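Engineer: In case you want the letters, here they are:
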Amino acid sequence: MTDSDTRTAPEVPRPSLSAATGWWLADSLGAVLFAASLAAIMGNWPLGSDRVAALWLLAGLVLGGAIRAVAQGLAAQAGQVAANRVKQDLHRNLHGVLLPTRLLRRRLVGEDLRLAVDDVEALEGMIARFNPQRSAALLSPLLIAAFIAAASWFSAVILLATLIPFSLGMALAGMAGKAEADRQMLALSRLSGLFVDRVASLPVILSFAAEDRIARQIGDAAREVAERTMQILRIAFASSAMLEFFAALSVALVAVYCGFSLLGLLPFPAPERLDLQQAFFALALAPEFYLGMRRLAAAYHDKQQGEAAQRRIDAALAESPAAGAAGPAARSGTPAMLACTGLTVEYEAGVPIGPISAAWQGPGLHAVTGQTGAGKSSLLRGLVGLAPVKAGEIWLDDQAVPPVALRHLVGWAGQGAMLLPGTLEQNLTLGSQTAATVPDELITRCGLGDLVAARGLALVIDPRGSGLSGGERRRIGLIRAIFSGRPVLLLDEPTADLDPVNAARVIALLHELSASRLIVAATHDPALVAAAVSTVALS
Amino acid sequence: MIDRLLAEAVDGQKRAARIAAALAMLAAIAGVALLATSGWFLTGAALAGAAGLGAAGTFNYLLPSAAIRALAIVRTLGRYGERLYGHRAALFALARLRPALFHLLASSAPTLALQRSGGEVAASLGSDVDALESGVVRQVTLPAALAAGAAGVVAALLAGWAAALAFVAVLGVIYVVGRLGAPAVLARWRRDHAQALAAFKRDYASYAANPEEIAIYGLADQVSEALAVHSRQIAQTRLALVRGEALIGGGQVLFTSLGVAAILALADSGAALAALAALGAAAAAEGWSGLTRIAIDRQQVDEARGRLAGLADLPGRIGGASIPPGNGIAMTIDGTTHDLPPGARLRLAGGSGTGKSRLLATLAGLRGDAPERPAIGGAVAADLGLDRLRETFAYAPQDARLIAGTVADNLRLARPGVTPDAMWTALRTACLDDMVRALPAGLDQWLGDDGARLSGGQRKRLSLARALLAGRPWLLLDEPSEGLDLTVEDELADRLGQWLDQTGTGLILVSHRPGLHRLADRTWTLGGADEPAG
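Quick note, the sequences are listed as chains B and Y, same order. Taking the working numbering, I'd label the letters of the first sequence as residues 99 to 637. Taking the working numbering, I'd label the letters of the second sequence as residues 124 to 657.
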């Protein structure tokens with residue numbers, strides 16, 4: 099059994115030179131071949147004279163296109179493979195941390211679900227598309243400029259020179275855009291969720307006859323969202339307009355320079371001698387100079403989504419307590435005493451459950467009573483560090499221990515039992531290290547005899563329950579806890595959902611077990627309370 | 124119905140949509156023309172320059188060079204305007220659609236409407252509407268793709284008929300593969316991915332519901348292994364989808380180069396026009412490939428539309444005659460008819476599962492299936508319908524749902540024209556006024572993730588205050604003091620009792636906590652069983 103405590107913290111990889119980046123650069127090389135073939139064709143126009151040469155040049159054109167097609171495809175695939183790897187790793191590591199600590203982090207299942215599944219999916223775009231293209235966007239202009247320089251160095255200089263106003267412009271527009279987005283953020287986040295919130299609140303709205311007013315409010319809010327979003331977009335689109343402008347401008351500048359140079363009409367001394375083939379090569383390749391950045395801009399949304407998801411994942415991990423604290427050396431055998439002093443559990447700020455002080459002698463059967471909401475389940479969870487404990491101490495045999503230390507001593511049977519895909523027998527033996535089979539006697543005494551007789555121990559179970567009732571699931575949890583052989587049993591309502599006959603059987607079994615184990619049962623059942631050696635009443 | 128609503132909403136933005144489409148076409152044509160003119164200019168200049176200064180003097184270089192610069196500007200401004208107006212049209216059109224959809228949902232029979240308003244359902248409704256918004260934005264790019272293709276054909280035509288025909292053939296292939304083939308091929312992988320994701324979520328939710336055993340028995344690895352099946356499936360379907368899209372995109376790039384090669388092979392014009400045709404066609408094919416993207420996204424929009432169309436099929440609400448005020452309530456429990464005069468205070472008792480909450484919800488009109496068949500003024504509640512019943516009953520349900528907004532927003536739901544004074548009075552009766560006064564913005568404090576987070580007991584009391592403000596003849600309260608400690612509960616009972624005395628409002632209360640029992644002047648027990656002790 100690998101202890102989840104020893105998992106490494108899941109991480110999202112930093113952008114780096116990767117296979118996908120390499121393929122994006124290969125795409126640039128394909129463009130170079132295409133441009134070179136095109137330039138050669140134009141330089142030797144008309145083609146009719148030398149058929150063989152013509153065919154080679156046309157083939158070069160098509161080959162350039164083919165290289166681009168293959169490179170783009172492989173880049174996308176490589177990006178996705180990398181993203182898949184990260185996602186699968188995250189699933190493995192993240193879920194191991196999130197699942198057991200959900201209550202500690204005070205989160206609902208729905209919130210964790212969004213985090214564990216949707217946010218991990220949201221990372222995909224950033225890893226598969228944005229990160230490789232970010233490296234490519236930095237390198238490909240240099241690569242293109244180098245090839246252009248081979249034909250017309252001045253054109254390359256022109257292109258590189260446009261990078262300066264371009265960067266300045268993008269930086270300014272980016273800052274302005276961010277400032278505007280920050281200004282609008284609070285209002286937008288409140289307003290844009292309004293529609294979904296009101297739909298989800300429909301029962302309340304209907305019962306107060308407020309639907310017309312709320313429909314108007316939704317309309318007003320949506321219009322305000324539209325106005326505010328337009329204000330952000332005006333600036334955001336200005337950045338992309340800047341990119342489009344420089345992309346178009348670079349083509350125009352190269353065309354005009356090369357044209358005037360070929361005409362011999364440059365207003366300054368010609369820096370180089372150009373022929374048609376060289377000039378055409380420079381022109382055909384010019385659009386590629388800014389292509390990397392245009393692709394990057396198109397993937398920007400992926401980056402924003404990915405970063406937001408990353409922040410949420412990091413925040414959740416930061417909230418999870420360091421699972422590494424293993425506590426004192428493993429004990430075995432039934433403790434002589436388990437106690438807590440001043441134990442206070444707080445799920446919501448300002449609403450403490452407790453303080454609770456109790457001492458239980460081992461071995462023995464003990465009951466914890468109290469009305470619903472008084473804190474019975476919270477107490478049990480607090481003892482094993484599964485509920486947010488605000489204050490208090492836990493004692494094991496006269497020594498104060500962190501709650502985590504109790505876990506391997508405890509067999510747990512709660513309000514519901516987790517089921518793993520497998521057979522019924524496998525689920526019953528989940529808590530145990532040994533390969534032994536569960537004795538029939540235990541199954542019958544816990545009230546699961548009918549189920550096993552009807553559907554057998556080999557019954558295949560899926561996590562959703564495959565037709566088992568809530569009561570049957572709880573009994574599986576109970577058998578699991580007992581069969582685990584652990585010296586301490588913490589049971590939450592073990593006889594709920596049981597008819598009096600089966601309840602009596604379970605109580606008798608617990609009474610027998612209490613000769614060698616320390617059992618603490620939270621319960622409403624008066625018969626169980628009567629069989630207990632001590633009762634702690636929570637109010 | 125949905126299509127009609129969407130068409131109406133988009134219609135309101137006709138002007139913006141037309142401007143966007145026009146600018147999109149202008150930008151697309153300018154993009155093709157920029158490259159075509161540059162190629163023509165360069166080649167023409169080379170020929171003129173090689174022929175000597177005389178020829179160079181007669182070559183009109185001013186016009187093309189100016190045109191090239193102008194085209195660069197036209198393209199940039201066109202793209203900017205296209206994006207701006209396109210998003211404007213989409214945002215404001217959907218701003219009209221959302222309230223209309225809400226109204227549709229709210230006008231339907233309550234039980235069906237409520238099935239469609241759970242948290243997850245509401246979230247997916249929201250994302251379907253968002254998908255429609257993207258659909259409207261994309262609609263604008265369709266004319267751009269067509270214009271690019273047309274401009275490319277014109278450019279190819281300048282190099283000869285054969286070249287033009289070859290280019291049209293290439294465009295045709297790209298169209299067939301992209302617009303017709305791609306969605307069909309990719310749809311299957313998208314479906315598989317969605318299913319894998321849904322299965323993952325279902326299983327994860329099952330594990331997350333009972334997480335204690337994972338920590339205690341150290342089952343994290345096994346759970347990860349069980350979930351890994353879905354994780355792998357998700358990875359596989361995504362990879363297949365990406366491969367499919369890459370194949371289609373790659374095919375289009377390859378065909379583009381074939382098209383350019385064909386134009387050059389078949390061109391029967393001079394070098395300058397051949398250059399114009401080649402570069403123009405390359406730019407045009409890139410714009411034309413946008414059709415594939417549109418077709419793929421169109422599928423998602425259609426799926427969203429299909430899901431939303433279900434809303435339109437919901438039946439409307441039934442309604443009965445108005446209930447005259449002052450009428451009592453009658454219900455049948457265990458075969459006996461019980462009568463409740465106006466202004467009475469009833470406590471409903473019974474173990475869990477005996478249907479107390481269901482009875483309250485039926486009285487409120489949100490359900491119709493309480494076996495007690497409650498009747499008001501002789502008319503059965505289920506026949507009267509929600510619209511009539513909500514005039515008589517103010518309901519504070521067990522789950523105390525608050526809307527995203529300020530304290531005042533929540534209180535204003537109760538009825539139109541609620542004044543701040545009335546709000547404070549209601550808050551005082553609900554023992555919540557001190558807490559609200561202590562909030563930084565008081566009544567205008569935003570509640571929710573970025574504002575004050577209320578505890579369970581505070582939410583209950585706010586929900587109670589809201590019900591008090593509604594001023595209906597009867598108050599229905601389901602576990603109003605849950606989460607309160609005994610002192611506050613006692614104070615609440617006092618103040619609520621005073622309020623009921625002052626206003627003469629009737630009360631039907633469900634509460635297993637003894638602290639509120641003294642509010643009731645009678646107790647009826649459902650389910651025939653006694654309440655469990657303690």
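Honestly, the hints are just simulated from the structure, not real lab data. Any given hint might turn out to be false.
Stated by the list, open to error - If you want a taste of the chain B side facing chain Y, the calculated C-beta under 10 Å gives, among others:
{"id": "1", "residue": "135"}
{"id": "2", "residue": "143"}
{"id": "3", "residue": "263"}
{"id": "4", "residue": "264"}
{"id": "5", "residue": "297"}
{"id": "6", "residue": "304"}
{"id": "7", "residue": "313"}
{"id": "8", "residue": "321"}
{"id": "9", "residue": "365"}
{"id": "10", "residue": "406"}
{"id": "11", "residue": "479"}
Keep in mind it's a predicted model, so treat the numbers as computed, not measured. Just so you know, even glycine gets a beta-carbon here, dropped at the ideal spot from N, CA and C.
Engineer: Determine for every hint whether it applies to the structure shown.
Structural biologist: Taking the hints in turn, this is what the structure says about them:
1. Interface restraint check for residue 135 (chain B): the shortest CB-CB distance to chain Y comes to about 9 Å, inside 10 Å, so the restraint holds.
2. Interface restraint check for residue 143 (chain B): the shortest CB-CB distance to chain Y comes to about 4 Å, inside 10 Å, so the restraint holds.
3. Of the supplied interface hints, the one on residue 263 (chain B) is violated, with its beta-carbon coming no nearer than about 14 Å to a beta-carbon of chain Y, more than 10 Å.
4. Hint status for residue 264 (chain B): violated, given a least beta-carbon distance of 13 Å to chain Y, over 10 Å.
5. Because the closest C-beta pair between residue 297 (chain B) and chain Y is about 4 Å apart, less than 10 Å, the hint holds.
6. The criterion of a C-beta within 10 Å of any C-beta in chain Y is met by residue 304 (chain B), whose closest approach is roughly 6 Å, and the hint holds.
7. Satisfaction of the interface hint for residue 313 (chain B) is found here, the shortest Cβ-Cβ separation to chain Y being roughly 5 Å, below the 10 Å cut-off.
8. Look at residue 321 (chain B): its Cβ gets to within about 5 Å of chain Y, closer than 10 Å, so that hint holds up.
9. Checking residue 365 (chain B) against chain Y: minimum C-beta separation of about 12 Å lies over 10 Å; hint violated.
10. About 14 Å separates the beta-carbon of residue 406 (chain B) from the nearest beta-carbon of chain Y, more than 10 Å, and the hint is not met.
11. The interface hint given for residue 479 (chain B) is met, as the beta carbon of that residue sits about 7 Å from the closest beta carbon of chain Y, less than 10 Å.
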